[in-house]
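Protein chains: 2
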Amino acid sequence: MVERKRWSEEFSEWFNEVIEEAGILDKRYPVKGMNVWLPYGLKIMRNIEKFIHEEMERTGHQEVLFPALIPETEFKKEAEHIAGFEGEVFWVTHAGHEPLDVRLVLRPTSETAMYSMFALWIRSHADLPFKVYQIVNVYRYETKHTRPLIRVREISRFFEAHTAHADFEDAERQIKEDLEIFDNLMRKLALAYIISKRPEWDKFPGAFYSLGAEVVMPDGRTLQIGTMHNYKQNFSKAYNILYEKEDGTHDYVHQTTFGMSERLLAAVIAIHGDDRGMVLPPTIAPIQVVIVPIPKKGSEEEVYSYAKGIEEELRDAGIRVYLDLRDKRPGWKFYDWELKGVPVRVEVGPIDVQNSTVVLARRDKLEKITVKREELVDKVRELFEDIMEFLYERANEWLESHIKRVDTLEEAKAVFEDRRGIVEIPWCGEESCGLKMEEELEAKMLGIPYPEEKAKAPEGSKCPVCGREAKFIARFARTY
Amino acid sequence: MVERKRWSEEFSEWFNEVIEEAGILDKRYPVKGMNVWLPYGLKIMRNIEKFIHEEMERTGHQEVLFPALIPETEFKKEAEHIAGFEGEVFWVTHAGHEPLDVRLVLRPTSETAMYSMFALWIRSHADLPFKVYQIVNVYRYETKHTRPLIRVREISRFFEAHTAHADFEDAERQIKEDLEIFDNLMRKLALAYIISKRPEWDKFPGAFYSLGAEVVMPDGRTLQIGTMHNYKQNFSKAYNILYEKEDGTHDYVHQTTFGMSERLLAAVIAIHGDDRGMVLPPTIAPIQVVIVPIPKKGSEEEVYSYAKGIEEELRDAGIRVYLDLRDKRPGWKFYDWELKGVPVRVEVGPIDVQNSTVVLARRDKLEKITVKREELVDKVRELFEDIMEFLYERANEWLESHIKRVDTLEEAKAVFEDRRGIVEIPWCGEESCGLKMEEELEAKMLGIPYPEEKAKAPEGSKCPVCGREAKFIARFARTY
Numbered sequence: 001m002v003e004r005k006r007w008s009e010e011f012s013e014w015f016n017e018v019i020e021e022a023g024i025l026d027k028r029y030p031v032k033g034m035n036v037w038l039p040y041g042l043k044i045m046r047n048i049e050k051f052i053h054e055e056m057e058r059t060g061h062q063e064v065l066f067p068a069l070i071p072e073t074e075f076k077k078e079a080e081h082i083a084g085f086e087g088e089v090f091w092v093t094h095a096g097h098e099p100l101d102v103r104l105v106l107r108p109t110s111e112t113a114m115y116s117m118f119a120l121w122i123r124s125h126a127d128l129p130f131k132v133y134q135i136v137n138v139y140r141y142e143t144k145h146t147r148p149l150i151r152v153r154e155i156s157r158f159f160e161a162h163t164a165h166a167d168f169e170d171a172e173r174q175i176k177e178d179l180e181i182f183d184n185l186m187r188k189l190a191l192a193y194i195i196s197k198r199p200e201w202d203k204f205p206g207a208f209y210s211l212g213a214e215v216v217m218p219d220g221r222t223l224q225i226g227t228m229h230n231y232k233q234n235f236s237k238a239y240n241i242l243y244e245k246e247d248g249t250h251d252y253v254h255q256t257t258f259g260m261s262e263r264l265l266a267a268v269i270a271i272h273g274d275d276r277g278m279v280l281p282p283t284i285a286p287i288q289v290v291i292v293p294i295p296k297k298g299s300e301e302e303v304y305s306y307a308k309g310i311e312e313e314l315r316d317a318g319i320r321v322y323l324d325l326r327d328k329r330p331g332w333k334f335y336d337w338e339l340k341g342v343p344v345r346v347e348v349g350p351i352d353v354q355n356s357t358v359v360l361a362r363r364d365k366l367e368k369i370t371v372k373r374e375e376l377v378d379k380v381r382e383l384f385e386d387i388m389e390f391l392y393e394r395a396n397e398w399l400e401s402h403i404k405r406v407d408t409l410e411e412a413k414a415v416f417e418d419r420r421g422i423v424e425i426p427w428c429g430e431e432s433c434g435l436k437m438e439e440e441l442e443a444k445m446l447g448i449p450y451p452e453e454k455a456k457a458p459e460g461s462k463c464p465v466c467g468r469e470a471k472f473i474a475r476f477a478r479t480y
Numbered sequence: 001m002v003e004r005k006r007w008s009e010e011f012s013e014w015f016n017e018v019i020e021e022a023g024i025l026d027k028r029y030p031v032k033g034m035n036v037w038l039p040y041g042l043k044i045m046r047n048i049e050k051f052i053h054e055e056m057e058r059t060g061h062q063e064v065l066f067p068a069l070i071p072e073t074e075f076k077k078e079a080e081h082i083a084g085f086e087g088e089v090f091w092v093t094h095a096g097h098e099p100l101d102v103r104l105v106l107r108p109t110s111e112t113a114m115y116s117m118f119a120l121w122i123r124s125h126a127d128l129p130f131k132v133y134q135i136v137n138v139y140r141y142e143t144k145h146t147r148p149l150i151r152v153r154e155i156s157r158f159f160e161a162h163t164a165h166a167d168f169e170d171a172e173r174q175i176k177e178d179l180e181i182f183d184n185l186m187r188k189l190a191l192a193y194i195i196s197k198r199p200e201w202d203k204f205p206g207a208f209y210s211l212g213a214e215v216v217m218p219d220g221r222t223l224q225i226g227t228m229h230n231y232k233q234n235f236s237k238a239y240n241i242l243y244e245k246e247d248g249t250h251d252y253v254h255q256t257t258f259g260m261s262e263r264l265l266a267a268v269i270a271i272h273g274d275d276r277g278m279v280l281p282p283t284i285a286p287i288q289v290v291i292v293p294i295p296k297k298g299s300e301e302e303v304y305s306y307a308k309g310i311e312e313e314l315r316d317a318g319i320r321v322y323l324d325l326r327d328k329r330p331g332w333k334f335y336d337w338e339l340k341g342v343p344v345r346v347e348v349g350p351i352d353v354q355n356s357t358v359v360l361a362r363r364d365k366l367e368k369i370t371v372k373r374e375e376l377v378d379k380v381r382e383l384f385e386d387i388m389e390f391l392y393e394r395a396n397e398w399l400e401s402h403i404k405r406v407d408t409l410e411e412a413k414a415v416f417e418d419r420r421g422i423v424e425i426p427w428c429g430e431e432s433c434g435l436k437m438e439e440e441l442e443a444k445m446l447g448i449p450y451p452e453e454k455a456k457a458p459e460g461s462k463c464p465v466c467g468r469e470a471k472f473i474a475r476f477a478r479t480y
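From first to last, the protein sequence lines are chains V and E. If you count by UniProt numbering, then the first sequence holds residues 1 to 480, one letter each, in order. If you count by UniProt numbering, then the second sequence holds residues 1 to 480, one letter each, in order.
Since the hints were made in silico from the structure, they are not lab data. Heads up, some of the hints might be wrong.
Capping the alpha-carbon separation at 30 Å, the derived lysine-lysine pairs in DSS-like fashion look like this [stated by the list, open to error]:
hint : chain 1 : residue 1 : chain 2 : residue 2
1    : V       : K27       : E       : K77
2    : V       : K237      : E       : K32
3    : V       : K43       : E       : K131
4    : V       : K27       : E       : K131
5    : E       : K232      : V       : K27
6    : V       : K245      : E       : K131
7    : E       : K27       : V       : K131
8    : E       : K308      : E       : K379
9    : V       : K245      : E       : K379
Source: prediction; values computed, not measured.
Hey, can you work out the whole structure from these sequences and the hints?
In structure tokens:
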């Protein structure tokens, strides 16, 4: 088993190094918070997106593509939304040498781009539910410290699903479906997560309520990797999205959104990683199996030809395989592919040729087994499953060991000092007490557990701020 | 055969209607020249892009993704490039409530975003040739009349390949490869085209030379759908992209680019269309076969079940099929799918159930054949091939019948008045004569035929402006 010491203790440096050395992104682009996607990183992200597209298709969402520029007049139609975003948007004010009549916002998210079109498209109950999505670049003028994949000014791969419904209940069904989609995706990525209902003061600007999905990073801070919002009729009233009911009367649609981004990749890299670098789930690894030939003097030809046969067989079996014939020493190659997180390495030397065997090394545990040549494909597939299971179990243990139930703020502080993730504290439900706890703990309230049945405080527990009867369990964490 | 009268005579209206009614784009987005991609249009475009990705992979291009914003300082490093673009870029000048220290350009193309990174990435001859590409949104402040897919301020699906080479010869090899890639793609789209070498005054800003690929649209105007540029060392000198040669000395790389966009889709829609709407090549049709059941009273169940069996069989054969069970009359459905260009329609009624037959209607010629149920898949595949062949032949005839060799400007004017496409005129090679002809003809010089062997004027032919011996054949057209 590989150590996870630097991974946890110097996570920030570890993460930056892996991003750079594994060829995920180049951070040297000359605009702060905007990075260049390198081929290997982009391939992993595309593989993640393949699952998103599949889930969208399965659930009847249609893909659309909206312009990235939004007229100021459209942007300013929903009051809370503007208040939430206007401090962090980029403005296009000139074209050529002239100022524009109407300034344009580079979308920070696409509600205000989409909803005047929804008003044209949605006419009757027969058009509902209406479900679309896109994966696009969006822009936020982050003033906090930027970090590749995690906090950026250009989110390159922003997923946003937007839906419209006849009533609140149907919108609620959509939120349930979003959670199911999200859970399916997390299984593909072998990630464990929690869902919290955000407090009123941290809802998405314009939402009726917001849910957030979090993972716990190696340094104990949480990362939000998905959000689902029920907007009720807040936006449909601002953008006049009406539909005709079966009885001929008209009403505003209920709306929801569901958002994700390249933070998914950040979570995969961070949570499955170790001191040697990335460990990619086979589901999304651009290279699932790398073959490293280890010839001895004189055996080159037979070893390479044996390796090529293996490559061909794996490729024919639909496995993404790469035969590494670069002019480098095997040790250098091992290091390189371990850093890049390739799930399974095949080593073949003259003895394997002689015995009709191959050596399989799994990246997660760095264990090796020798298998018979004819079992190759089956064994590789088994390993993929084992790796997925191991990664998920480890991620789940990590998550569970980083959620701590406490009763006092002192206990909570101790947890944070120890970088142990999330604390759950009884809470009376008052905003003032929630904000007070955030201040005292130097942490954010993630919200209360969702579904809300799980959010009820045990009988007799007290809010540590006001001392009154606690209504909820509230989660706090230091967040990214 | 369907008429192509409105298609040609009122092409502009025809095109706008098809775009709208077939669900390609919505032009009502509240920013001029920026459109919303609708699901059906986006699916077709993605299918076109699949072939582009395949060709890129085949030829060893790696996919990257650069930020859409370029600092003014980077943008202004290559003099000709700025001169060419600065009048038509969008400027981001503010973020939040503050002006930016360095203004940002929304990329009109990505040379100036990429090349400072190339300077970091490319070190030695071993890194060459260096070949990357991306498909991204780019922005141009077009002052001419905008048209969906054709002339827009947001090009949503801009393909750009950028390469770097050790010397001019290797860059020339790249241009040849680009032409081969382009030709493969055109075959998939059943399009016929010509390649011209642009005159000096119409090169890409910063290029040593530029090639352009054109199709002739239904109204006789040409549409540029691809460009290949050899930059020589113009950009590498401005961006300091040096590599170490085998002998230890350093030199600037030679660079090329290759560009395409959603104009490919515009060409497909326009050139294969007819008065009933689109005719999609089966290679890129999101729905290749639509099944329209035509039950009679009492036969509904058996007809639907027969149709479902057909759907399943086609799907299992890897064909993109849709069974249309909407509550509409068959005639309405025929109209709808013809407009949307679905290549093959399967009609099944009670008689087909009885006789174990199906009726296949091909969209291009609107001919019907009755085939045996068990021949279904084979016949559909045959039809796909026939349709591809027919579309290509027709496109090729259209192109060839719209290129006319003339000797005088009067003849050329007559051709344009007749909307007959492209004229080829002898030309002495002097810029002044070329510009004079552009002015007289109210047309653009596309350039000279490429490869240049084909560009030589016949012996004894004269430049119609100066009367001197002609060196080249020059092509002129009214262009989009």
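Okay, the hints, checked on the actual structure:
Between V/K27 and E/K77 the alpha-carbon distance is near 21 Å, which keeps this suggested pair within the 30 Å criterion. Of the pairs offered as hints, the one joining V/K237 and E/K32 holds, with about 25 Å between alpha carbons and a cut-off of 30 Å not exceeded. A hinted pair counts as satisfied when its Cα atoms are at most 30 Å apart, and V/K43 with E/K131 qualifies at roughly 16 Å. With a C-alpha separation of about 20 Å, the suggested pairing of V/K27 with E/K131 holds against the 30 Å cut-off.
Between E/K232 and V/K27, the direct Cα distance comes to roughly 28 Å. Compliance with the 30 Å bound is thereby established for this hinted pair. For the suggested pair V/K245 and E/K131, the alpha carbons sit about 55 Å apart, so the restraint of at most 30 Å is broken. Straight-line distance between C-alpha atoms of E/K27 and V/K131 comes to about 20 Å, which keeps the hinted pair within the 30 Å bound. At roughly 18 Å between alpha-carbon atoms, E/K308 and E/K379 fall within 30 Å of each other, so this suggested pair holds.
At roughly 46 Å between alpha-carbon atoms, V/K245 and E/K379 are farther apart than 30 Å, so this suggested pair is violated.
Comparing the model with each earlier hint shows violations of hints 6 and 9; every other hint is respected.
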